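Visitor: Sequences listed follow chains A and B, in order. For the first sequence, this note's numbering begins at 1 and goes up steadily by one. For the second sequence, this note's numbering begins at 1 and goes up steadily by one.
I should point out that these hints are in silico values taken from the structure, not numbers from a laboratory. Accuracy of the hints is not assured; some may be wrong.
As the list claims (entries may be wrong) - Here are the simulated EDC-like cross-link-like pairs (lysine to aspartate or glutamate), alpha carbons at most 20 Å apart as the crow flies:
hint, chain 1, residue 1, chain 2, residue 2
1, A, 125, A, 55
2, B, 340, A, 69
3, B, 76, B, 105
4, B, 17, A, 127
5, B, 340, A, 57
6, B, 357, B, 42
7, B, 68, B, 42
8, B, 68, B, 261
9, B, 340, A, 56
10, B, 82, B, 56
11, B, 272, B, 300
12, B, 279, B, 306
13, A, 77, A, 47
14, B, 266, B, 239
15, B, 340, A, 47
16, A, 77, A, 57
17, B, 17, A, 31
18, B, 3, B, 25
19, B, 340, A, 44
20, A, 91, A, 44
21, B, 17, A, 94
22, B, 348, B, 328
23, B, 76, B, 306
24, B, 348, B, 223
Stated by the list, open to error - Label-pair restraints from in silico Cβ distances:
hint, chain 1, residue 1, chain 2, residue 2, range
25, B, 164, A, 35, 30 to 36 Å
26, A, 22, B, 14, 43 to 49 Å
27, B, 153, A, 22, 42 to 48 Å
28, B, 277, A, 5, 54 to 60 Å
29, A, 35, B, 160, 28 to 34 Å
30, B, 4, A, 109, 47 to 53 Å
31, B, 4, A, 75, 44 to 50 Å
32, A, 119, B, 140, 48 to 54 Å
33, B, 15, A, 23, 48 to 54 Å
34, A, 5, B, 125, 44 to 50 Å
35, A, 126, B, 19, 31 to 37 Å
36, A, 94, B, 125, 50 to 56 Å
37, B, 235, A, 50, 36 to 42 Å
38, B, 23, A, 22, 53 to 59 Å
Note that the structure is predicted; figures quoted are calculated from it, not measured. Cβ coordinates follow ideal geometry from the N, Cα and C atoms, glycine included.
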Amino acid sequence: MSNIPAELKYVESHEWLRKEADGTITVGITDFAQAALGDVVFIELPEVGAEVEADDDIAVVESVKAASDVYAPIAGKIVAVNEDLVDAPEKANEDPYGDAWFFRMEPADADVLDTLMSAEDYAAKCE
Amino acid sequence: MGKQTPLYQQHLDANGKIVDFGGWDMPIHYGSQLQEHNVVREDAGMFDVSHMTIVDIQGPEALAYLQKILANDVSKLGFTGKALYTGMLNEEGGVIDDLIVYKMEGWYRTVVNCGTREKDLAWMNKQIEAFDATLTERPELAMVAVQGPNAIEKVKQVRTEQADLIGDLKVFQGLPVGEWFYARTGYTGEDGLEIMIPAAEVAEFWTALVEAGVAPAGLGARDTLRLEAGMNLYGNDMDDSISPLQAGMGWTIAWEPTDRDFIGRKALEAQKAAGVPSKLVGIVLETRGVMRSHQKVVVEGIGEGEVTSGTFSPTLQHSIAMARVPYDTGSECNIEMRGKLIPARIVKMPFVRNGKKVFE
Numbered sequence: 001m002s003n004i005p006a007e008l009k010y011v012e013s014h015e016w017l018r019k020e021a022d023g024t025i026t027v028g029i030t031d032f033a034q035a036a037l038g039d040v041v042f043i044e045l046p047e048v049g050a051e052v053e054a055d056d057d058i059a060v061v062e063s064v065k066a067a068s069d070v071y072a073p074i075a076g077k078i079v080a081v082n083e084d085l086v087d088a089p090e091k092a093n094e095d096p097y098g099d100a101w102f103f104r105m106e107p108a109d110a111d112v113l114d115t116l117m118s119a120e121d122y123a124a125k126c127e
Numbered sequence: 001m002g003k004q005t006p007l008y009q010q011h012l013d014a015n016g017k018i019v020d021f022g023g024w025d026m027p028i029h030y031g032s033q034l035q036e037h038n039v040v041r042e043d044a045g046m047f048d049v050s051h052m053t054i055v056d057i058q059g060p061e062a063l064a065y066l067q068k069i070l071a072n073d074v075s076k077l078g079f080t081g082k083a084l085y086t087g088m089l090n091e092e093g094g095v096i097d098d099l100i101v102y103k104m105e106g107w108y109r110t111v112v113n114c115g116t117r118e119k120d121l122a123w124m125n126k127q128i129e130a131f132d133a134t135l136t137e138r139p140e141l142a143m144v145a146v147q148g149p150n151a152i153e154k155v156k157q158v159r160t161e162q163a164d165l166i167g168d169l170k171v172f173q174g175l176p177v178g179e180w181f182y183a184r185t186g187y188t189g190e191d192g193l194e195i196m197i198p199a200a201e202v203a204e205f206w207t208a209l210v211e212a213g214v215a216p217a218g219l220g221a222r223d224t225l226r227l228e229a230g231m232n233l234y235g236n237d238m239d240d241s242i243s244p245l246q247a248g249m250g251w252t253i254a255w256e257p258t259d260r261d262f263i264g265r266k267a268l269e270a271q272k273a274a275g276v277p278s279k280l281v282g283i284v285l286e287t288r289g290v291m292r293s294h295q296k297v298v299v300e301g302i303g304e305g306e307v308t309s310g311t312f313s314p315t316l317q318h319s320i321a322m323a324r325v326p327y328d329t330g331s332e333c334n335i336e337m338r339g340k341l342i343p344a345r346i347v348k349m350p351f352v353r354n355g356k357k358v359f360e
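Starting from the given sequences, assemble the full structure and let the hints guide the process.
Guide: Here it is, written out as structure tokens:
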């Protein structure tokens, strides 16, 4: 059974989103996604400063099994990326909602999270 | 639901993630493919390979039959238990399957792939009509591969009565003990045993090995281990349309004696005379990214090829692959990955043997 924290928001491409106090949004991949991928061995992150549209493929996760794109869950600007994750990709398996955040975005629409899936909706998707 | 081996319950109990593998419900991993890979390189792991097809060949013309259908020469097997790796070819010289043959007491045992079972049996049954010999499938035998530097020691601990016999086995040699058969063979590049066991007795043996500290390992780790060891996977690295000369299996063709007319011989001789068009090579990518099967290989000034098996090598911590490339390819190539050409090196396989990097 996947761990799906109640306080986060989710998109269909299996990324989670969390609103920070400064208004930026932290993004990572879900526990369901990491389990499906298997052992993660390489991660490529987007450039800080990049302006992206929702659903753009902006990062890559390579597991022992396959390469998968990570999509921008919302439109906005990349303001930070988790460089530590590049050096320790196994964290994506070990701590998908903590140490293994992928990037932070400044959303084009400050209220965008209200339009995304709740934990309950996402759990239904993963069944 | 697919077919299940006699160890299916053990896989569920160990949290195995079950996938379909050639019609069988098999564990791909039990949590972490990487950890299972590493335990085989460093200590001892075990694989349920009961899905593989065991076929016994008996009768006065068993040897003549095998000398007809196999590219390697079974008469090289000097004593009971000795094993031989070989291709079984079609008339065009393509590989129908790769298999191991063991010499038994006056008969032979073969182990063929599960994914090719039906076409193998159809072919073998058709060819045997001309010989005074019989084929018997042995579905009542399970098979466990115990692999790793400590694998043999752990099996000896569990099978104390046979410990001395097991300890005396040489590489690529087997030993029947009642209905059990111990062979010092494997598909990982480590020392170890492949053991055939009556299905009713295998669960107890597996459990005893777990208690002795042998870790269950899934088909995922089996694939990364065999690829590091430079061992072909049927269906990926060769198939019915590829000759052994194009699949790194030239060493398995017994050209001598020249009057042994095995199936595929004429086609192989013609291919050799005309020039073999392609070859199977090892590729290493020492930068980021993972090579995957079917990616295009571009060899500057020569032509193109294709990755047949690619993965991340847990031992080397970078990607390795096998690829079929034009015969004149040298030591450099480019791999097309996600729309970009990435330079990579061609090296002599294996990549890893007995836990250590082999190529330069």
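Visitor: Against each hint, give a clear statement of whether it holds in the structure.
Guide: We went through each hint and held it up to the structure:
1. A:125 - A:55: It holds: about 18 Å lies between the C-alpha atoms, which stays within 20 Å.
2. B:340 - A:69: holds, 15 Å
3. B:76 - B:105: holds, 15 Å
4. B:17 - A:127: Distance of about 16 Å is within 20 Å: holds.
5. B:340 - A:57: Holds, at roughly 16 Å.
6. B:357 - B:42: Holds: residue 357 of chain B and residue 42 of chain B sit about 13 Å apart, inside 20 Å.
7. B:68 - B:42: This hinted pair is violated, its Cα atoms lying about 41 Å apart.
8. B:68 - B:261: holds, 7 Å
9. B:340 - A:56: holds, 18 Å
10. B:82 - B:56: holds, 15 Å
11. B:272 - B:300: The given pair, whose Cα atoms are some 25 Å apart, is violated under the 20 Å limit.
12. B:279 - B:306: holds, 11 Å
13. A:77 - A:47: Holds, because 10 Å separates the two Cα atoms, which is no more than 20 Å.
14. B:266 - B:239: holds, 18 Å
15. B:340 - A:47: The hint holds at about 18 Å.
16. A:77 - A:57: holds, 14 Å
17. B:17 - A:31: holds, 16 Å
18. B:3 - B:25: Holds: residue 3 of chain B and residue 25 of chain B sit about 6 Å apart, inside 20 Å.
19. B:340 - A:44: holds, 15 Å
20. A:91 - A:44: Holds, at about 14 Å.
21. B:17 - A:94: Holds, at roughly 18 Å.
22. B:348 - B:328: This hinted pair holds, its Cα atoms lying about 15 Å apart.
23. B:76 - B:306: violated, 35 Å
24. B:348 - B:223: holds, 19 Å
25. B:164 - A:35: 30 to 36 Å: violated, 45 Å
26. A:22 - B:14: 43 to 49 Å: Taking Cβ atoms as reference, residue 22 of chain A and residue 14 of chain B lie about 46 Å apart, which means the hint holds.
27. B:153 - A:22: 42 to 48 Å: violated, 58 Å
28. B:277 - A:5: 54 to 60 Å: Cβ of residue 277 of chain B to Cβ of residue 5 of chain A: about 56 Å, so the range 54 to 60 Å holds.
29. A:35 - B:160: 28 to 34 Å: Violated: the Cβ-Cβ distance is about 40 Å, outside 28 to 34 Å.
30. B:4 - A:109: 47 to 53 Å: With Cβ atoms ~52 Å apart, the hint holds.
31. B:4 - A:75: 44 to 50 Å: holds, 49 Å
32. A:119 - B:140: 48 to 54 Å: holds, 50 Å
33. B:15 - A:23: 48 to 54 Å: violated, 41 Å
34. A:5 - B:125: 44 to 50 Å: violated, 58 Å
35. A:126 - B:19: 31 to 37 Å: violated, 18 Å
36. A:94 - B:125: 50 to 56 Å: Holds, since residue 94 of chain A and residue 125 of chain B (Cβ atoms, about 51 Å apart) stay within the stated range.
37. B:235 - A:50: 36 to 42 Å: holds, 41 Å
38. B:23 - A:22: 53 to 59 Å: holds, 55 Å
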